[in-house]
Amino acid sequence: MIKISIEKAIPTTLYSQPLRVNLEIGTGEFVVIYGKSGVGKTSLLRMIAGLLKPDQGVIEVNQQIWFNHLNKVNLPIQKRHLGFVFQELALFPNMTVMENLLYAANNPKDQSYLQRLLNITDMQSLRSRKPATLSGGQQQRLAIIRALARKPTILLLDEPFSSLDYQLAQQLRAELKILHKELKFTTLLVSHDPNDINGQIDQLVELKHGNAHQLRGTALHPTQNKSSLIGKILRVYPFESAFIIEIAVNQEILKVPTDPKTAQGCHPNQMVQITFIDGQILLSQLG
Amino acid sequence: MIKISIEKAIPTTLYSQPLRVNLEIGTGEFVVIYGKSGVGKTSLLRMIAGLLKPDQGVIEVNQQIWFNHLNKVNLPIQKRHLGFVFQELALFPNMTVMENLLYAANNPKDQSYLQRLLNITDMQSLRSRKPATLSGGQQQRLAIIRALARKPTILLLDEPFSSLDYQLAQQLRAELKILHKELKFTTLLVSHDPNDINGQIDQLVELKHGNAHQLRGTALHPTQNKSSLIGKILRVYPFESAFIIEIAVNQEILKVPTDPKTAQGCHPNQMVQITFIDGQILLSQLG
Amino acid sequence: MDFNFQPLILSLELSLITTVLLLIIGIPIASFLAFKTFRGKSILEAIVSLPLVLPPSVLGFYLLVAFSPNNFFGKFLDSYFNLRLVFSFSGLVLGSLIYSLPFMIHPLQAGLQALAPNLKEASYSLGKSKKETMFKVLLPNIKPAILTGMVLTFAHTLGEFGVVLMIGGNLEGSTKVASIAIYDAVESLDFRSAHIYSLVLIIISFVILLITYGLNKRLFDNRVHL
Amino acid sequence: MDFNFQPLILSLELSLITTVLLLIIGIPIASFLAFKTFRGKSILEAIVSLPLVLPPSVLGFYLLVAFSPNNFFGKFLDSYFNLRLVFSFSGLVLGSLIYSLPFMIHPLQAGLQALAPNLKEASYSLGKSKKETMFKVLLPNIKPAILTGMVLTFAHTLGEFGVVLMIGGNLEGSTKVASIAIYDAVESLDFRSAHIYSLVLIIISFVILLITYGLNKRLFDNRVHL
Amino acid sequence: DGQNLRIAVAANAQFVTDSLKKAFQKGHPGKIELIVSSSGKLTAQIEHGAPYDIFMSADMLYAKTIFNAGNALTKPKVYAAGKLVLWTTKDLPVTGLDALKNPAIKSIAVASPKTAPYGVAAITALKKAGIYASIKNKIVFGESISQVNQYQLSGATDVAFTALSIVQSPELRHKGKWTEISSNLYEPIDQGVIILKHAGNANSDQLKQAKDFYQFLFSAQGKAIFTYFGYNVK
Ligand SMILES: Nc1ncnc2c1ncn2[C@@H]1O[C@H](COP(=O)(O)OP(=O)(O)OP(=O)(O)O)[C@@H](O)[C@H]1O
Ligand SMILES: Nc1ncnc2c1ncn2[C@@H]1O[C@H](COP(=O)(O)OP(=O)(O)OP(=O)(O)O)[C@@H](O)[C@H]1O
Ligand SMILES: [Mg+2]
Ligand SMILES: [Mg+2]
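Residue numbers (my numbering), protein chains in the order written: chain A, 1 to 287; chain B, 288 to 574; chain C, 575 to 800; chain D, 801 to 1026; chain E, 1027 to 1260.
Keep in mind the hints are simulated off the structure, nothing from the lab.
Errors might be hidden in some of the hints.
Not the full set, but computed from the structure, chain E residues with beta-carbon under 7 Å of chain D [unchecked claim]:
no., residue
1, S1064
2, S1138
3, P1139
4, A1155
5, A1159
6, I1161
7, N1163
8, K1164
9, E1169
10, S1180
Derived DSSO-like pairs: lysine-lysine, alpha-carbon spacing no greater than 30 Å straight-line [as the list claims (entries may be wrong)]:
no., chain 1, residue 1, chain 2, residue 2
11, B, K495, A, K177
12, B, K396, C, K610
13, C, K717, A, K130
14, A, K130, D, K936
15, D, K930, C, K791
16, B, K417, C, K717
17, E, K1249, C, K649
18, D, K936, A, K151
19, B, K417, C, K649
20, D, K930, C, K615
21, B, K417, D, K930
22, E, K1223, E, K1249
23, C, K710, D, K1017
24, A, K130, D, K931
25, A, K208, B, K548
26, C, K615, D, K936
27, A, K130, D, K1017
28, E, K1103, E, K1234
29, B, K519, A, K261
30, A, K208, B, K464
31, C, K791, D, K936
32, D, K931, C, K615
33, B, K340, A, K130
34, B, K366, C, K649
35, B, K396, A, K208
36, C, K717, C, K704
37, D, K930, A, K151
38, D, K936, A, K109
39, B, K417, C, K791
40, D, K841, B, K417
Just so you know, even glycine gets a beta-carbon here, dropped at the ideal spot from N, CA and C.
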């Protein structure tokens, strides 16, 4: 169980109130944090990691106090056993891809695990390249698997899929979920991508400032613009350059258009989840 | 008219063939380039900018030869009158937000234009901040408006919206389109975001390697997984926690669920465009 | 006892002129070495470092020979420019420039090499010339390296002694700098003067260094983290 | 003529030992100055630079007084450690360490300050200690700065003369280093020996520098762009 | 720079020359500047055009070298001969050369025989007295006679071979104790003076001034001053 109750005056002219965060996260949960640019998401992760000192409050992880403003406890980051995917990546320029991983790994003999990480990110062929010779997306993949390499207890990811194309990002999302279940780490993922926000997650946290241009205390409230329905596919049929999928949801029959490729994967009697956020609609199969 | 016909052996072990690009882009067009991570998108922009030398071929812009392998022409980047939004941003750490803009601007007296750029990115209050004190998204916004500040003839953007939340990104996309029309620059936008790929653009270019793991010559073929329909809203009514929108498209009546906020903006008789790509569906109003 | 301020003032003058001139000369050389790759670059780099290796008095001896009106270079300067480099302040300046060259070049070059290459690219992409890029983007981002170069050069010239002793000739008011004055005092067993010169030199230098470091701390605030 | 290789070997030994020791001492000091902020930091920085300002022979004179068995420090070393620093190789090493301190500290500090702070953070986040972070992440990424520090220190010690002249005592095989031998030769108007010593010194140094720069170019290939 | 008469002086003669200068100036107004350095350095500088008018060398060799190169107006002439002394500032007996065998004396400062005439004299004396081999390991070399003095004054060495003119100088007259070394044990330390070509190139006033000072060295008053400082004069 992670309990966070902290306050930090972020020197921004946007809001006159400090960033206040109150959160409870169960061990092994997968939590997505989202919010507008500049609202304090990175700062929150940095405070959890111990890279930024809250002005006041307490961070408690599995009954261990990591930070307490009152009795000046501030556990060094080294002892927090984290994995951190930095928004600016922070790869080690002097090390190759493999050396980055080996440096990060607790147990360098765990070769098969590192190989697996390289495989799920399609990075096998780049193992002996230095970061400066990698493309933006390749660098981002390295940052993700470097954080995973040491099998952390808590994984903090700051917009880890932002430079990846849709397919690769989806692949990584799936692999991350598998590792998350397998290694049982707690995951805090900062993202603005609907594919993260609408995924199967344990908690969704929105960092948001009040309407009075104040940064409001944040909590476990689901987003206002997000919602989802579950239904059963009745029919899939072509229409112009696209396909239409008929889905029964309670008393309604929805008719949703989709691209040929997605349509191929849809068959009558399948259960699907339809999620929508901010004008975007996402179909995903269940089970 | 921009004519690109170049070849470059990118030292990657992924594909055994060099990157080959053949493109014709009309002056003032808005072109989106997409493709898998590591396929060579950034390298292509760098070659157009003159930061990376093609192994052979020709780049011609408005009858002027920028690069010709045969007679060793290679116009220096300074003379290409570009705006370049780098994937790694490359902001000037020694300058504040405003100083970054003033340095970039051709005409520093063009204050009202710079103010407008600050406004459309919500950066007004950050004008005297150095880049190191900005959040990831704020830095990315600065990179975009720095490239716009000099009113370039050709604007190259390398995944410029990747760190921005959906609303802000949409706002910037709209503003970019307006500026594009107003200042009549040619835009080449590298992105993997469906919101760019599905937008109203003049050309869509996919960089892709063939099935034989060869990097295929690229051209103006639209993506296979993308399509769009245009229809008229008939009804908007609440359904469970969401809303359903009935849209008439030719002979069909679609019934698409959406979130309350988007629903508020939809009214009968409005024309809407429905775009779908890779399982995602996007509603956008026309006119 | 035999103490006066003239040698101290002369020393400060010499150090200041040398530092400013070397900064001007050093920037293009350092940027050339930092950014260009060519065959024989290591040779050029080794040559830049050579003035360091020769003991100052030996370097001074060879400079004396080179500058001497007996020899080609000295004669040439004398007859065409009416410039005498031995036993004159201009000679000291030239000697110090050669002697302190590596102290300016090395830190500047290392600083420039450590910069992310895309800063330069970004500036070029905005249509900026190499010169403007150097002065408005690159140099402002290597302030600690510039400071290192300037402090090493200034302080080193202030303490310079071997070269000056050889080609200066210890002439009151034109080549008798503080380091020579201290040496003189020690040699004539006038330890009191030596102590006073040293103390004043240390105090002045200390104040200059203190101001420099203090300013630098305030100016170099690009990477403040929350 | 009076030439032999002993002084050259001694000089190389002294320079090598000084460079290695200063690297070991310099890294913690430089990282302290680069990363910690505290009141009076500028004062500490100014103190580190001070050995630069004093003319070497004057510095040598004060070291002579300090090391002398007449005085507290010298007496202390003599009676407790049986260590005599005047007229001994160990004394030269200590003198050179003090004298060359700023040449190592400055470049290292500037290099560390120029590193992106998140490299350190990333390493800490992986549970790595400060030491491991320093040696595996920070230092390997400031190779040009380390090289600068080492070249300046090595070459400067090789050319060092004033301090050595003062506290060395010109003893064949233990304190008569090359710079002293050259000086001696020049003083006794034995220019041929002086030329040969200088030439050999220059050639050796040149080769060492050349190898160093050549290696560095090969090792420092992190930021190759297409 | 027509006004100043510049006299280049070997380090060991700096004190006596200072007195000579003061005495000379009583009858001859006009500025005199003393440039004190090692004879070797001064010689190299003079050969490369240093603007000095008179050179008072520490021995004859340097003066001869300059004269032979054609940079002097006069032939080298001995102005004085130095005397060697054994000196200590510590509580040690320095009654004679034999005292050096005393184990309480751990280090002996000697000027480098390569560059300093007093160094040559000291080594010759030690050899002639037959004790060189037994005390060889105690010797440390100073670059010049003044460095030997610094070694001794700082306490870094126990005893030193220096010039009588040093221990007789006003600065050091009451510091420590000394014994003269018998002049049989070493060759006379003859010191030579020359008027330099530079004096002739300047205006005639300056040449006259230089000649006057040169003459003054050999006058009765000059000789008295040399003697007072512990030099032999003919
Ligand atoms: N200096 C280099 N040395 C070797 N290979 C390089 C170098 N620079 C780039 N590459 C390789 O060239 C390929 C193309 O890189 P590029 O940055 O153009 O890709 P991209 O399409 O922009 O990818 P992304 O979407 O991940 O940013 C990549 O596979 C990359 O590993
Ligand atoms: N050193 C600093 N000095 C002043 N303000 C800072 C500093 N660092 C961060 N800020 C401000 O704190 C706020 C929160 O920053 P943070 O990086 O946590 O935002 P974020 O939610 O991660 O944004 P993004 O989505 O753009 O990455 C921003 O408005 C930023 O400008
Ligand atoms: Mg952030
Ligand atoms: Mg890219």
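Okay, the hints, checked on the actual structure:
1. S1064: With a closest approach of 6 Å, the E:S1064 hint holds.
2. S1138: It holds, given that the least Cβ distance between E:S1138 and chain D is near 6 Å, below 7 Å.
3. P1139: Where the cut-off is 7 Å and the nearest Cβ of chain D is about 9 Å from E:P1139, the hint is violated.
4. A1155: violated, 22 Å
5. A1159: violated, 16 Å
6. I1161: Where the cut-off is 7 Å and the nearest Cβ of chain D is about 14 Å from E:I1161, the hint is violated.
7. N1163: violated, 9 Å
8. K1164: violated, 10 Å
9. E1169: holds, 6 Å
10. S1180: holds, 5 Å
11. B:K495 to A:K177: holds, 28 Å
12. B:K396 to C:K610: violated, 36 Å
13. C:K717 to A:K130: holds, 28 Å
14. A:K130 to D:K936: holds, 15 Å
15. D:K930 to C:K791: holds, 24 Å
16. B:K417 to C:K717: Distance ~16 Å between B:K417 and C:K717 Cα, so the pair holds.
17. E:K1249 to C:K649: violated, 42 Å
18. D:K936 to A:K151: Answer holds: D:K936 to A:K151 is near 21 Å, not above 30 Å.
19. B:K417 to C:K649: violated, 55 Å
20. D:K930 to C:K615: violated, 36 Å
21. B:K417 to D:K930: Distance ~28 Å between B:K417 and D:K930 Cα, so the pair holds.
22. E:K1223 to E:K1249: holds, 25 Å
23. C:K710 to D:K1017: holds, 27 Å
24. A:K130 to D:K931: Roughly 23 Å separates the two Cα atoms, so the pair holds.
25. A:K208 to B:K548: Holds - the C-alpha atoms of B:K548 and A:K208 are around 17 Å apart, at most 30 Å.
26. C:K615 to D:K936: Holds, at roughly 28 Å.
27. A:K130 to D:K1017: holds, 16 Å
28. E:K1103 to E:K1234: holds, 18 Å
29. B:K519 to A:K261: holds, 25 Å
30. A:K208 to B:K464: Status holds; Cα separation ~28 Å.
31. C:K791 to D:K936: Distance ~27 Å between C:K791 and D:K936 Cα, so the pair holds.
32. D:K931 to C:K615: Judged against 30 Å, a Cα distance of about 34 Å means the pair is violated.
33. B:K340 to A:K130: The given pair, whose Cα atoms are some 21 Å apart, holds under the 30 Å limit.
34. B:K366 to C:K649: violated, 48 Å
35. B:K396 to A:K208: Roughly 37 Å separates the two Cα atoms, so the pair is violated.
36. C:K717 to C:K704: Since the Cα atoms of C:K717 and C:K704 sit roughly 18 Å apart, the hinted pair holds (cutoff 30 Å).
37. D:K930 to A:K151: Between D:K930 and A:K151 the Cα gap is close to 21 Å, so the pair holds against 30 Å.
38. D:K936 to A:K109: Holds, at roughly 19 Å.
39. B:K417 to C:K791: Cα-Cα ~16 Å, so holds.
40. D:K841 to B:K417: holds, 24 Å
In summary, the structure is inconsistent with hints 3, 4, 5, 6, 7, 8, 12, 17, 19, 20, 32, 34 and 35 from the numbered list given earlier, while agreeing with the others.
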